[in-house]
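Protein chains: 6
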Amino acid sequence: MKVAVYRKEHFNAAHRLYNQAWDDAKNQEVFGLCNNPNFHGHNYELVIRVCGEIDPDTGYVIDMKYLSQVVKEKVLKRFDHKNLNLDTQEFKHLNPTAENIAVVIWDLLRKELREDLDLKIYLYETERNYVEYPVQ
Amino acid sequence: MKVAVYRKEHFNAAHRLYNQAWDDAKNQEVFGLCNNPNFHGHNYELVIRVCGEIDPDTGYVIDMKYLSQVVKEKVLKRFDHKNLNLDTQEFKHLNPTAENIAVVIWDLLRKELREDLDLKIYLYETERNYVEYPVQ
Amino acid sequence: MKVAVYRKEHFNAAHRLYNQAWDDAKNQEVFGLCNNPNFHGHNYELVIRVCGEIDPDTGYVIDMKYLSQVVKEKVLKRFDHKNLNLDTQEFKHLNPTAENIAVVIWDLLRKELREDLDLKIYLYETERNYVEYPVQ
Amino acid sequence: MKVAVYRKEHFNAAHRLYNQAWDDAKNQEVFGLCNNPNFHGHNYELVIRVCGEIDPDTGYVIDMKYLSQVVKEKVLKRFDHKNLNLDTQEFKHLNPTAENIAVVIWDLLRKELREDLDLKIYLYETERNYVEYPVQ
Amino acid sequence: MKVAVYRKEHFNAAHRLYNQAWDDAKNQEVFGLCNNPNFHGHNYELVIRVCGEIDPDTGYVIDMKYLSQVVKEKVLKRFDHKNLNLDTQEFKHLNPTAENIAVVIWDLLRKELREDLDLKIYLYETERNYVEYPVQ
Amino acid sequence: MKVAVYRKEHFNAAHRLYNQAWDDAKNQEVFGLCNNPNFHGHNYELVIRVCGEIDPDTGYVIDMKYLSQVVKEKVLKRFDHKNLNLDTQEFKHLNPTAENIAVVIWDLLRKELREDLDLKIYLYETERNYVEYPVQ
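As they're listed, the protein sequences go chains A, B, C, D, E and F. Numbers 5 to 140, taken from our numbering, label the letters of the first sequence in order. Numbers 5 to 140, taken from our numbering, label the letters of the second sequence in order. Numbers 5 to 140, taken from our numbering, label the letters of the third sequence in order. Numbers 5 to 140, taken from our numbering, label the letters of the fourth sequence in order. Numbers 5 to 140, taken from our numbering, label the letters of the fifth sequence in order. Numbers 5 to 140, taken from our numbering, label the letters of the sixth sequence in order.
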């Protein structure tokens with residue numbers, strides 16, 4: 005009787021898409037407007053999905069207040085109102101695409117949850133572009 | 005060639021999170037504001053997902069008007085504008101968390117649908133907290 | 005050069021529509037499902053609109069962090085996760101319709117803001133039913 | 005390390021639900037209002053989900069600008085501001101239910117994508133009725 | 005102490021933008037895709053705003069159930085799942101732009117409401133294009 | 005018979021709130037996280053409201069395709085995927101708060117519209133914080 009619970013959080017950040025191994029022309033060709041040297045930004049909507057058995061005492065899969073607190077501590081403090089390229093260790097040498105940000109957030113949260121709980125991340129860069137990780 | 009169809013319905017209800025086996029202090033510690041003795045409430049958004057083959061005569065997996073009618077009859081009549089703890093049999097002795105409500109709704113609807121159709125429930129307690137049942 | 009700024013907050017509450025001067029039959033006739041004796045509930049979305057001149061030093065009409073803090077202190081603490089009829093002074097003898105809740109919230113916030121700032125309240129009881137106060 | 009990326013597009017179209025093998029009475033009985041002989045219409049929201057490995061050079065599963073361009077070329081040009089029953093080859097003899105439209109769009113896009121990428125379609129006919137194809 | 009209440013309804017319809025006094029080339033030049041001879045369609049979101057004093061007995065400006073019933077009877081029955089150009093008297097000789105539809109709906113509802121209540125219509129043709137009538 | 009039409013557009017940008025006349029401590033105290041020296045960013049939702057008489061020939065207040073084109077040319081090209089502080093003339097010496105951005109956009113668009121049309125700007129910095137300009 006497995007249930008998945010979803011918690012939606014958000015953060016605002018600046019970023020620039022950029023491959024350090026490429027010259028400017030190649031970066032411009034591949035990333036276009038997203039390669040603007042002075043950065044641009046987004047309101048990221050972050051959805052955390054945790055899947056497990058219902059605890060018969062609480063009726064919860066996981067306490068949403070606890071989950072929200074963990075996300076604030078481990079993800080939002082790190083990325084909210086930051087420049088992902090300049091202000092974070094994680095994206096010093098990793099291109100901050102939505103795909104890569106989702107994987108990084110999964111790595112940050114995976115270690116905070118009990119092993120029997122499955123974790124999945126949805127990250128909305130805009131209302132029209134979003135990603136899901138992992139998928140089988 | 006299986007397709008899943010989704011139908012969104014909603015109901016408004018009052019509830020209180022509460023474990024009858026625990027004393028007040030323990031209930032307060034675990035459920036916090038959600039344990040308010042005089043209840044609080046939500047606009048529940050309910051999404052029903054039904055998965056099956058397309059009927060070549062109708063082009064439908066299931067007639068959405070029929071599905072909506074079943075949900076009204078079996079779920080909304082029971083829970084809409086009700087106090088889940090006091091006005092329903094289902095939650096007399098079961099804590100009305102989003103997880104448990106989703107399981108109860110699945111049980112109510114499962115018996116109304118043909119066996120070859122898969123059923124899944126999504127229940128939004130708020131825009132930021134929601135659940136999915138069942139998951140493999 | 006007047007600008008209006010909007011801040012959206014939310015709270016969850018239980019309520020019952022009920023006129024204490026009427027008998028049960030009359031209450032049932034007028035308020036229908038909303039008169040359920042054991043209450044029902046909503047996710048209230050609250051939008052506060054403050055209108056004034058832009059402060060040339062800050063570029064703000066009002067600091068949104070301050071406005072959000074005032075709303076939390078004066079409105080959300082009072083109504084969030086509460087039974088409006090039983091747990092609040094304001095609705096002991098006032099029917100908690102969306103219209104009346106909006107007027108009460110305006111009264112609570114009006115005294116917290118500088119006199120040169122105009123205040124308006126939008127309150128969403130559901131996605132399909134909402135109110136605005138005041139209007140000329 | 006598979007990631008799914010989603011791109012949301014939209015188109016507006018007229019349609020009529022109708023089985024050419026049935027008489028008018030049967031069509032009316034099954035499809036009701038949706039069988040209006042002069043058509044009705046929808047704002048279709050189309051979500052394309054593409055699943056694959058992250059390209060280490062770009063940080064992308066697929067370039068969203070490219071994906072959006074393909075959808076415009078192969079789907080939107082064909083269906084946007086059209087009468088699905090009268091103006092398209094695809095629905096000359098196929099009932100344009102949401103289920104069938106999703107399958108047709110999948111067929112149109114599947115051949116445009118690399119074979120190692122998985123493709124799924126979500127199609128919203130209204131905010132309350134939508135479909136997903138394929139599902140296992 | 006005037007309050008405005010809003011009620012959101014929706015209908016689906018087909019239409020074609022077309023000026024009967026112009027030739028085809030002129031219609032195509034002005035209305036472009038919206039002039040498709042076989043029509044296209046929309047999910048119209050209709051918001052009705054009614055402004056007046058709060059009734060001290062009910063706490064209502066107007067009973068939302070009554071308002072919703074009037075809108076169903078006078079507007080939705082007429083336009084839902086219809087072809088505005090072919091199936092309605094109102095748009096036989098009037099171009100069914102969002103602007104004109106809003107004015108027509110206001111005329112239909114104005115005569116159904118008490119004179120002391122102000123009426124305003126918001127009509128969403130798409131999420132990105134909408135209109136408001138009347139404005140001073 | 006005046007009608008207002010609304011057109012929704014969006015752009016993504018980086019910015020930093022900062023008063024050049026203040027020292028770092030004062031900027032930090034007033035603007036907090038929004039003063040991050042390396043910027044942060046937003047998905048700005050921009051709603052343009054144009055109010056005027058309906059043209060009896062077209063049924064339009066203004067052609068939405070034209071309005072959208074003007075906004076793209078005069079606003080989106082200037083601000084989309086840009087750093088407002090570093091990449092634009094308008095905010096070299098003006099703090100890019102939502103209030104100031106709305107006034108700047110109004111100035112850019114006002115000169116592009118016929119004088120008999122009223123113009124108003126709504127700018128959403130996040131789903132929870134937005135502004136309106138001008139207001140009487």
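Take the hints with a grain of salt, since some may be wrong.
[What the hints assert, rightly or not] Calculated cross-link-like contacts (lysine-lysine; reagent style DSS-like; alpha-carbon spacing at most 30 Å):
no. : chain 1 : residue 1 : chain 2 : residue 2
1   : C       : Lys-69    : A       : Lys-76
2   : A       : Lys-78    : A       : Lys-6
3   : D       : Lys-81    : A       : Lys-124
4   : E       : Lys-96    : F       : Lys-76
5   : A       : Lys-30    : F       : Lys-76
6   : E       : Lys-115   : A       : Lys-12
7   : C       : Lys-12    : A       : Lys-78
8   : C       : Lys-30    : B       : Lys-30
9   : E       : Lys-81    : B       : Lys-69
10  : D       : Lys-96    : A       : Lys-30
11  : B       : Lys-81    : B       : Lys-96
12  : F       : Lys-12    : D       : Lys-124
13  : A       : Lys-6     : B       : Lys-124
14  : C       : Lys-30    : B       : Lys-78
15  : A       : Lys-30    : D       : Lys-69
16  : F       : Lys-30    : E       : Lys-30
17  : A       : Lys-6     : B       : Lys-12
18  : B       : Lys-6     : A       : Lys-6
19  : E       : Lys-115   : E       : Lys-78
20  : E       : Lys-76    : F       : Lys-76
[To be verified] Example chain A residues on the side facing chain F (calculated, C-beta under 10 Å, incomplete):
no. : residue
21  : Arg-20
22  : Asn-23
23  : Gln-24
24  : Phe-43
25  : His-44
26  : His-46
27  : Lys-86
28  : Asn-89
29  : Asp-91
Source of the hints: derived by calculation from the structure; they are not laboratory data. Using N, Cα and C, we set each Cβ at its ideal position, and we do this for glycine too.
For this session: Compare the structure with the hints numbered earlier in the document and write down the numbers of the violated ones, lowest to highest.
Result: The structure conflicts with hints 3, 4, 6, 8, 10, 16, 20, 22 and 23, although it agrees with all the remaining ones.
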